[in-house]
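What follows is each chain in one-letter form.
There are 2 protein chains.
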Amino acid sequence: MTTEMLERRTRVLGPNVPIFYDCPVNLVRGESVWLWDADGRRYLDCYNNVPHVGHCHPKVVEAIAEQAATLNTHTRYLHEGILEYGERLTAKFSHDLTQLIMVCTGSEANDVALRMAQAKTGKTGFIATDNTFHGNTSAVSQLSTRRPPIGGYQDHIQLVPAPDSVRPAGGSLEEQSQAFARNVEAAIAKLEESGHGFAGFMLCPTFSNEGFPALEPGFLDPTIEVVRTAGGLILCDEVQPGFGRTGTGWWGHDWMGFAPDVVTLGKPMANGHPVAAVVTRPDVMAAFRGAFGYFNTFGGNPVSCAAALATLEIIEEDALIANAHDVGAYALERLRAIEHPLKAEARGLGLFFGIEFLQTDGSAATGFAGRVVEAMRHEGILMNRIGRDMNTLKMRPPMPFQRDHADLAIDTLEKVLERTPL
Amino acid sequence: MTTEMLERRTRVLGPNVPIFYDCPVNLVRGESVWLWDADGRRYLDCYNNVPHVGHCHPKVVEAIAEQAATLNTHTRYLHEGILEYGERLTAKFSHDLTQLIMVCTGSEANDVALRMAQAKTGKTGFIATDNTFHGNTSAVSQLSTRRPPIGGYQDHIQLVPAPDSVRPAGGSLEEQSQAFARNVEAAIAKLEESGHGFAGFMLCPTFSNEGFPALEPGFLDPTIEVVRTAGGLILCDEVQPGFGRTGTGWWGHDWMGFAPDVVTLGKPMANGHPVAAVVTRPDVMAAFRGAFGYFNTFGGNPVSCAAALATLEIIEEDALIANAHDVGAYALERLRAIEHPLKAEARGLGLFFGIEFLQTDGSAATGFAGRVVEAMRHEGILMNRIGRDMNTLKMRPPMPFQRDHADLAIDTLEKVLERTPL
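First to last, the protein sequences are chains Z and B.
The numbers in the first sequence follow the working numbering, run straight up by one, and end at 427.
The numbers in the second sequence follow the working numbering, run straight up by one, and end at 427.
Worth flagging that the hints you see were computed from the coordinates, not collected in a lab.
Bear in mind that the values here come from a model prediction, so they are computed numbers and not experimental data.
Hints may contain errors.
To be verified - The following label-pair restraints were derived from C-beta to C-beta distances:
(1) Z:Gln159 / B:Asp27: 54 to 64 Å
(2) B:Glu230 / Z:Gln159: 30 to 40 Å
(3) Z:Tyr26 / B:Met6: 45 to 55 Å
(4) B:Thr8 / Z:Gln159: 40 to 50 Å
(5) Z:Tyr335 / B:Glu92: 40 to 50 Å
(6) B:Lys195 / Z:Gly367: 47 to 57 Å
(7) B:Gly295 / Z:Arg47: 29 to 39 Å
(8) Z:Thr7 / B:Ala324: 32 to 42 Å
(9) B:His100 / Z:Ile343: 53 to 63 Å
(10) B:Glu321 / Z:Glu338: 55 to 65 Å
(11) B:His100 / Z:Asp101: 44 to 54 Å
To be verified - Residues from chain Z shown here face chain B by an in silico Cβ test under 10 Å; the list is partial:
(12) Glu71
(13) Cys109
(14) Gln123
(15) Gly304
Claimed, not checked - On the chain B side, residues computed to face chain Z include the following (Cβ under 8 Å):
(16) Arg14
(17) Leu88
(18) Gly277
(19) Pro287
Where a beta carbon is used, it is the ideal one built from N, C-alpha and C, also for glycine.
Produce the complete structure using the sequences and hints provided.
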């Protein structure tokens with residue numbers, strides 16, 4: 006059946022459509038941290054952060070079903086849904102981040118964030134790291150480095166070397182922190198020289214796509230100071246660390262310890278319903294709303310708000326942030342204890358883990374990490390890889406992940422590591 | 006309560022957030038073509054095309070609820086949902102438009118369409134009309150003319166005068182058709198001169214946002230030939246005319262009579278669930294998939310596909326295209342029969358109508374049209390305005406709109422027109 010589905014897929018979706026695993030999984034059902042394929046085989050989900058409060062959480066399903074049966078319109082009519090959700094969500098933020106725009110995807114959120122910085126500063130130049138992904142619109146794709154856009158990269162984007170905790174460019178974490186800030190300073194100078202000027206720095210506070218390096222709160226302090234001095238905005242992409250993933254609070258920037266000007270939210274926000282948002286200060290919002298006539302038809306519709314509100318309430322009712330902290334710490338201890346000749350580092354923050362592998366000559370063990378992911382899939386554990394060289398196992402399960410789930414995943418990982426050819 | 010809600014709205018959403026009516030409507034429930042506000046007052050919906058098969062259609066609600074309770078993941082796993090929907094949807098197209106990418110909003114779809122044209126042609130220049138809207142991402146916002154972007158308009162976009170059936174630039178419809186093509190030819194020359202080259206022309210086949218002028222099939226023939234000769238792509242935005250709105254078939258381009266290279270779909274596609282898509286030929290898709298590493302987390306997820314499939318099936322089961330044709334013709338005849346000193350033209354195609362008003366000196370009766378819209382809202386009929394000068398009433402109801410709904414709307418309109426100060 007898989008072969009037939011892959012053929013249909015190529016016929017109707019075209020070539021090169023991203024898919025996981027050499028032997029793709031045909032999933033038909035999900036519940037909490039579990040997924041089932043069409044043959045009835047069960048998988049432990051150690052990868053998906055979108056079903057944040059668990060696959061098919063009944064409270065989210067009910068909220069969606071009830072509101073979809075009642076009314077679904079747009080924000081050009083008044084509706085209680087977006088007001089209540091907006092108030093509840095912004096109450097989770099400090100730093101005067103009190104206003105929001107609701108959109109449908111993290112990409113749309115980051116696309117708006119760029120224009121907020123343009124509106125606030127009057128400048129058009131941006132900085133990102135050199136190994137990241139902030140979304141798929143034309144504008145935010147420019148911040149990614151995967152394939153050069155047609156017509157080439159535009160010089161209003163400057164990329165700085167991403168942090169790396171295993172093979173850093175040089176020195177201690179403190180020295181890296183300073184070096185990162187100096188690189189940002191140089192990038193700002195280039196933007197000023199080019200005439201674009203410096204509008205903002207878009208970053209993920211845990212550098213999730215960069216390989217999720219092991220950093221510490223305060224790492225970004227020198228960088229934030231450089232950005233502030235230059236008059237640019239910090240655009241904080243919380244699509245991955247947000248909503249309690251770190252186990253330390255609601256947002257990655259609060260863990261890292263800085264005050265962003267704009268925060269973007271996405272994937273986990275409504276447990277899979279297409280909901281995302283941009284949260285910012287009133288002065289930034291006023292600048293944006295004064296410069297652009299922005300309206301998003303589906304953004305903030307009553308069903309989206311109901312799904313997002315239910316997700317937010319479950320995070321609190323089920324104490325999922327504390328769970329991420331406790332289970333995260335337990336799992337990280339077990340991952341750190343794994344002994345393997347190619348293992349370079351096990352790192353984690355809440356329910357986000359990276360296990361990086363290097364060859365004995367210090368080069369990335371990309372092929373090995375790939376073989377481990379495939380073997381785990383065949384053992385019924387779904388995970389994947391991250392990092393510049395894709396040599397880091399990525400585990401980022403739904404938030405109701407428990408200790409026995411961690412034990413099952415890590416017991417299996419130990420077995421797989423033992424038998425996977427180096 | 007409205008005042009309090011508006012205050013909360015400004016506090017949490019910021020200033021200048023688009024809203025309808027001087028006295029906004031607080032909607033709490035919808036069913037078919039009807040909406041109810043918090044005071045229990047009923048409104049006839051003559052505006053919203055997003056609830057395409059009717060507000061809260063039970064079959065769509067059930068499809069969403071059932072799939073949300075079963076599984077909601079992404080397209081990097083195999084799933085029957087996107088395959089079945091993709092096959093069913095592309096079967097509605099001719100011109101070898103057999104492949105699709107599913108996204109979440111029409112804006113995302115148009116953003117992808119621009120890059121398809123870039124990938125296929127290797128060029129970066131685009132043409133649009135000078136009074137349009139194709140979405141809200143940074144890239145597609147450049148095709149709109151509302152407010153200049155920070156840093157100014159970029160010269161890779163050339164705008165041509167939009168068609169106008171009431172105050173055309175000159176001559177008969179046939180002469181306008183030729184003039185439109187000549188303007189496109191000149192715009193292509195400018196793009197070639199600027200070094201961007203000509204990638205494509207993005208247009209709505211019924212020019213919905215331009216004011217929905219009364220055109221005839223074949224109007225675009227000379228333009229299509231110019232675009233083909235220059236090697237550019239026709240990017241056809243079916244977000245408004247698509248899914249049977251015209252009452253003549255599934256797509257506006259089939260009514261107008263041309264073969265697009267790329268078609269974008271949005272708003273009505275899943276009856277309000279955030280679903281949109283890009284449909285194209287295999288050669289264009291292969292070029293795009295070869296040039297860009299595109300993945301959309303929420304795009305084509307199982308719930309979105311279930312909502313879209315249910316919507317597609319209802320259009321067929323309830324014969325909504327034939328209904329749009331029949332009720333559309335009936336309503337248009339009645340609208341044409343209205344006599345009013347400022348009425349310049351009543352035009353329509355299926356369930357999309359424009360009633361344009363000019364002052365006796367030939368200038369746009371913008372204020373009058375605005376007063377009519379407000380008065381209709383107070384009479385319980387929701388509609389709005391379009392056109393360069395916002396002097397054209399826009400009626401675009403959900404597709405289950407019946408003759409008695411048309412009678413209620415038009416009887417009310419006649420009364421309102423009679424008493425509204427000129």
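Here is what the structure says about each hint:
no. : hint                            : result
1   : Z:Gln159 / B:Asp27: 54 to 64 Å  : violated (43 Å)
2   : B:Glu230 / Z:Gln159: 30 to 40 Å : holds (33 Å)
3   : Z:Tyr26 / B:Met6: 45 to 55 Å    : holds (53 Å)
4   : B:Thr8 / Z:Gln159: 40 to 50 Å   : holds (46 Å)
5   : Z:Tyr335 / B:Glu92: 40 to 50 Å  : holds (46 Å)
6   : B:Lys195 / Z:Gly367: 47 to 57 Å : holds (54 Å)
7   : B:Gly295 / Z:Arg47: 29 to 39 Å  : holds (37 Å)
8   : Z:Thr7 / B:Ala324: 32 to 42 Å   : holds (38 Å)
9   : B:His100 / Z:Ile343: 53 to 63 Å : holds (56 Å)
10  : B:Glu321 / Z:Glu338: 55 to 65 Å : holds (57 Å)
11  : B:His100 / Z:Asp101: 44 to 54 Å : holds (53 Å)
12  : Glu71                           : holds (9 Å)
13  : Cys109                          : holds (4 Å)
14  : Gln123                          : holds (4 Å)
15  : Gly304                          : holds (8 Å)
16  : Arg14                           : holds (6 Å)
17  : Leu88                           : holds (5 Å)
18  : Gly277                          : holds (4 Å)
19  : Pro287                          : holds (6 Å)
Violated hints amount to a single one, hint 1; each of the other numbered hints is respected by the structure.
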